[in-house]
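Colleague: Chains as they are written, first to last, in the numbering used here: chain A, 1 to 844; chain B, 1 to 844.
Be aware that one or more of the hints could be misleading.
As the list makes no split between identical chains, a pair holds if one copy fits it or if it spans any two.
[What the hints assert, rightly or not] Listed below are the simulated PhoX-like cross-link pairs for lysine-lysine, each with C-alpha atoms no more than 20 Å apart in a straight line:
# : residue 1 : residue 2
1 : Lys319    : Lys398
2 : Lys347    : Lys38
3 : Lys397    : Lys347
4 : Lys566    : Lys398
5 : Lys38     : Lys314
6 : Lys402    : Lys566
No wet-lab data here; the hints were simulated from the structure.
2 protein chains.
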Amino acid sequence: MESMMIYAPIAMAIVGLLFMAVKRSWVMKQNPGDGKMKEISDHIYEGALAFLNAEYRLLAVFVVIVSIALAVVSYVVPTTHVLIVIAFIFGAIFSALAGNMGMKIATKTNVRTTQAARTSLPEALKISFGGGTVMGLGVAGLAVLGLTLFFIIFFHVFMNGVWEPTTIDGVTMSPQELMTIVLETLAGFSLGAESIALFARVGGGIYTKAADVGADLVGKVEAGIPEDDPRNPATIADNVGDNVGDVAGMGADLFGSYVATVLAAMVLGNYVIKDMGGAIADAFGGIGPILLPMAIAGVGIIISVIGTMLVKIKSNDAKEAQVMGALNIGNWVSIILVAISCFALVKWMLPETMNMSFFGEGLQEISSMRVFYATLVGLVVGAGISSVTEFYTGLGKKPILKIVQQSSTGAGTNIIAGLATGMISTFPSVLLFAGAIWASYAFAGFYGVALAASAMMATTAMQLAIDAFGPISDNAGGIAEMSEQDPIVRERTDILDSVGNTTAATGKGFAIASAALTSLALFAAYVTFTGIDGINIFKAPVLAMLFVGGMIPVVFSALAMNAVGKAAMEMVNEVRRQFRDIPGIMEGTGTPEYAKCVDISTKAALREMLIPGVLTIGFPIAIAFIPMLFGMGNMAIAEMLGGYMAGVTVSGVLWAIFQNNAGGAWDNAKKSFEAGVMIDGEMTYKGSEAHKAAVTGDTVGDPFKDTSGPSMNILIKLTCLIGLVIAPILGGHGNEVVASETSSEEVYFIDAEGNKTILTEKQVQYIETGSTMVEGDNLKDKTETVVEMLKNDNNNQVTANVTITKTVDGVETTETKTFTGTEEEVRAQLKDVEGMKIKIKDKE
Amino acid sequence: MESMMIYAPIAMAIVGLLFMAVKRSWVMKQNPGDGKMKEISDHIYEGALAFLNAEYRLLAVFVVIVSIALAVVSYVVPTTHVLIVIAFIFGAIFSALAGNMGMKIATKTNVRTTQAARTSLPEALKISFGGGTVMGLGVAGLAVLGLTLFFIIFFHVFMNGVWEPTTIDGVTMSPQELMTIVLETLAGFSLGAESIALFARVGGGIYTKAADVGADLVGKVEAGIPEDDPRNPATIADNVGDNVGDVAGMGADLFGSYVATVLAAMVLGNYVIKDMGGAIADAFGGIGPILLPMAIAGVGIIISVIGTMLVKIKSNDAKEAQVMGALNIGNWVSIILVAISCFALVKWMLPETMNMSFFGEGLQEISSMRVFYATLVGLVVGAGISSVTEFYTGLGKKPILKIVQQSSTGAGTNIIAGLATGMISTFPSVLLFAGAIWASYAFAGFYGVALAASAMMATTAMQLAIDAFGPISDNAGGIAEMSEQDPIVRERTDILDSVGNTTAATGKGFAIASAALTSLALFAAYVTFTGIDGINIFKAPVLAMLFVGGMIPVVFSALAMNAVGKAAMEMVNEVRRQFRDIPGIMEGTGTPEYAKCVDISTKAALREMLIPGVLTIGFPIAIAFIPMLFGMGNMAIAEMLGGYMAGVTVSGVLWAIFQNNAGGAWDNAKKSFEAGVMIDGEMTYKGSEAHKAAVTGDTVGDPFKDTSGPSMNILIKLTCLIGLVIAPILGGHGNEVVASETSSEEVYFIDAEGNKTILTEKQVQYIETGSTMVEGDNLKDKTETVVEMLKNDNNNQVTANVTITKTVDGVETTETKTFTGTEEEVRAQLKDVEGMKIKIKDKE
């Protein structure tokens, strides 16, 4: 059975997807209501489709461009395989598919929830949560299915499915080295997923807020028609926006996190095997530590299925507490089951004790139980950050009450209070988070950090179900209002909506925590991939890049916020035009061109995404390649890029927490006025001056929490992923790649296991030129480092004579250095020699 | 002459202070006006005194507590000298003196400026700028005087004023080592200055905004009396606040920066000497690289005197452009003169070529010209960041016009636009800044970075003169208005005020740039002091601390903003009480109790400072000492603390730029309405809806730009200074402190120069215990590392047998390691051995 374990995650993903299909057809069979209800719902569905079509057209172009670039890189750089292009394309397709699926089901479920709420609250919950379940299982199932499938394919292509040295293109490589290539190629899948997520999240965020503001300004203010009135051409865009932003954006975000987390853990698992001597004897073909994260992800899907089945209420008179309780039961049971299965899987799949190299402390013996403790850390921090988020943004909590009080003295004080709340919420969040890094690393190194993230992400399907249920209920309430249902219907959907608001906030906390841990795991994988000694911010260029990286999330947020403003103005103009040009539109006899508004919102969103996108993708690439043009060494560049990644991650996490929580707090401060709040001993309601101040705060909070804030998650993940994809260009695969040149001019690799392999001419050239990748006669600037290793006569001592020949603009200079010691010590010192690409001349 | 160079900065500081005294008596001799003018001015002066008295009472307590703590530490830790306490106290006194002096002259100059403006604009400029000059020269003169004086004293106490080994307490130490103790003790002066600056800046910031908001809410809104009406009890507090925040706060801030920059450059100069073999033969007693930063600072004072003399206009009909031009001439001439004198001083005082060790690249030969280039980088970045600040916050510039446009759709969009402007302004600022780090380091290592900061700071007196002239003119305008002068008087002061607004913005840019470069220099000094290998953020605890450090400025800002809100409410209650209880107050027959409002504002400000202060001071101390309790090694702690410092610096710089520029932009967007702005083709003025939205934005911007934003400067400098003061407790002075134990159980130091000295028993104990500082029988946990150095027979090879004996909870474990190579190589490797506190047994 153990040897088939590699296929188990696929099987579990398929089970999850089958369950999803069953649930989906059950939801679709529910009564979609009639008349106006159905009409409104159909408009939203069509709008969503229009958005998807426009988005996919644009994204297809992007995917083609990136694919070509990746193909060129994989042709030029021998350590990158062209299959990465295929992986990238499928990553993009799977991510788009997941978002598509989620958005479609959400737009179908809302009206059915309204219909069910006409008779029964338990039924309404069952349907809305059912829709969420379809979305959650779809995203998680596709993520596990895609990642596992491509892993198996690449494992067979590069390694014939076994952990043994293999010969490719005449070069024999160690299994370690081959697995690194497998995982680097697999990183393409993650890159594809995360790129699409960037557009989905940021584009969706701009879209939803542009439509929202545009519809309100012309419809409510200028034309004097109510919110969500079907005569308003932007109304459908507005409702589509809710689904685009909250449902599809979150789905793509978590799809990306899921894939990236598992991938990073697999990369670090490969290095656990390396630390244990390059091979382990286990029942899983020697790749237990690599399979474990996939296994946890697969089991997590099954657990989520169980968890979703526990979410139900019985009484038609249930209140928020009961609904919340039902969700909590499902959630907590899932988390506990994940903890139990992590224990079992770790026990089963990992060697009882492992060697892991800890930075600066050398190899340490780690029992598998410590890996389990690391997964517990992940589960605790996931729950912890959700609670912190709930505290700072929850209705009736102290911070919200304070903002409400401050609203009484005007918008200015309301804004200050909201900003301060968001800012101060970073305190417990960051402390929790720093504690999690520390603890999970102390338990099991960066493999522990990655597995902490994996365990947390195992309940993704459940989390997403809880999360997607919110906007579905929100839309259901809107449909109830628009189609003039009995007040009891709205009351019932309001109960669901109110619970949905809370889960939305905790969901955002979960998304941040997952993104942050994922980024750290990717960061660790990057450092290990490139083989650098660490990232030393005492080196000025690295420190400079830490500053630049820290600045990126701030500028990104500003661009996203400005984009919302610009896109909203375009929407305003289009709505004005339709009111003017379409006859009978105000009387309800002319049909507004909904699709045009949807198209404007879509195009504006995707166009405005350009600069933030270029910023995100362009900066790490520029940092990697511009210094190369100036002849900087690859290791120095790799360290700088690492500093940049750390800057983006630290600053990105801070700004994500700040913006999401400030936005959430303003939103709920405003909502507090709906039920009435006590200010200075007086009950204050909607329409008061204090409420107007709170509305202003919410206007500021909208792009914070729905556009720039959530984008931070993807910004940091994508930055780290791009670093990981660039890693093979910069680095030495983490093995000591030393080439040995004998007198006959044949050049060998000696990998970490001591295997010698002949290099192809292209590979030699790459090694010889060190920091440049150019071929043929284009080698104007090159650094050739020749190491002559001489055996001394006593004590196993060797002497290494290092000759570094630098050619800059055709001028050649030569420098020599000498190292003495045992071979191991000398090799360690040679690591610091420029370029790390060295040829070793055996003593003749 | 060269040998007397050490006294030159003192002489120049005294020249500056004498010039200041002359200028001061000239200003004081000017006509202070009469009647109401004088009355208002006197009230402001008395209020300022009241604030100073209250502040100094509280700060005296703080100084006593910290002094006791420092004394205890210097008793326990043998590498810290008790003189640090004296230095600390004087640093605090000098800083307080500088703030005091500036605030007094500012409150005396304002009314004289008003009086002069009744007849002549050139005269008004001469007086207001004269007041600024007094402030600038006072601050800079005291800084150079105090720092140089204490350096000379300590240089004589510890080293008898010569660069030679000296015996203290029976231990002979190398000059390198002794100079390190001199500079560590001198760090106390800087710590004292910066601590007072923290209170002055943050307390002042809370004070001014609390008084401002309090006075407006009750006076303008409730009682319906005009702004600055003398019947309003809070009006004096409000005017005092302007001086407290803008004048004294900025003065203390720059005083601290000036001292810290020069100190950091001196520390790094000491390491330049180390890299050159421990001694250089120059005409300056062998300490040229250490004296250079002081010399630049001293010359900078003389240059500033010249610069201030160039600021004058002739025509009584001059406009803003001419006034700005006059200031620019003074400023640019100063900068150019600094560049020229840097060239001369570098040529004169530094060896023609130096060795500097670059991280990871070993020793490199650096010509003194490259140090000069580094100073140019400092001058360019200072000017560059000022221009960037002006662009993002200047009246009539594109970003401001955009915020004005966005005000037409309400406060929400105004706020979003302002936030986005502040955020996006980090882009050019950080790029400039990262470029400066990179370039100055590339030219001359971290010594280059520190000298870039020193050169930039050389014009501090001039910058401060330009900066203080702004609030003086502002107050002068206020007095003109209140005392009902001819409109022409207000017109003239308005011209000065308008120019002052621009210089205030650029001054803030200068303050940020100086704080940031200073922090980097301190950071570099810290790393070198502790002797750690760098700060590797790939180590999980270091990364965790990078996150925690990044969070501190955010939380600090939130606390400061909340403090403003709380303090303002207290002010409101007191003003209400006085209106109610004092008979005849509204009729002008009863005198309001101004001092009570001033007292409330002062007490509230200082009380509210408590938590931010504890956060700033407590966190680095906690990070240093809590892990010690758990037995973590000193080097690991030093690296963690370094990560924390980097986090605070990166995040602090970002949040400083963001908050200052957003606040400045909102302010000027509001001011734009005074002259009228074109929105959608229509001229819009004060009182319009758009203007109201802009006022709301300004309310949010006030604490941003006057409280939390400027505090960031001090937060980052103080954090790095605390690190520097803790450094000797953690680290090994940057020299390889290796102890050699002979068979007779005597223990020697071998310092970097190879000098052997016998250690006292206390010192041996410290060295033996490595990570713990406890004495006597309290040594439950200890790590003893014994290195036996054996000479091999061939090739100068040595073998080092390392025995590490760890005692944890009384259980002893032993580990052995062996290193072979030349003595130099082996020593390099020994650096990595835990604790770095090792004993070397000579071969018997």
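Colleague: With reference to the structure, classify each hint as holding or not holding.
Modeller: Hint-by-hint comparison with the structure:
In the homo-oligomer, the alpha carbons of Lys319 and Lys398 never lie at most 20 Å apart, since the shortest distance is 22 Å inside one protomer and 53 Å across protomers. When the C-alpha separation of Lys347 and Lys38 is checked against a cutoff of 20 Å, the pair qualifies neither within a copy, at 53 Å, nor between copies, at 84 Å. Taking the closest pair of Cα atoms, Lys397 and Lys347 never come within 20 Å of each other, the shortest separation being 42 Å inside a single copy and 65 Å across copies. For the identical chains of this complex, Lys566 and Lys398 are inter-copy neighbours only, at 16 Å across copies versus 35 Å inside a copy, given an alpha-carbon limit of 20 Å.
In the homo-oligomer, the alpha carbons of Lys38 and Lys314 never lie at most 20 Å apart, since the shortest distance is 27 Å inside one protomer and 79 Å across protomers. In this assembly of identical chains, the alpha carbons of Lys402 and Lys566 lie at most 20 Å apart only when taken from different copies (12 Å versus 32 Å within one copy).
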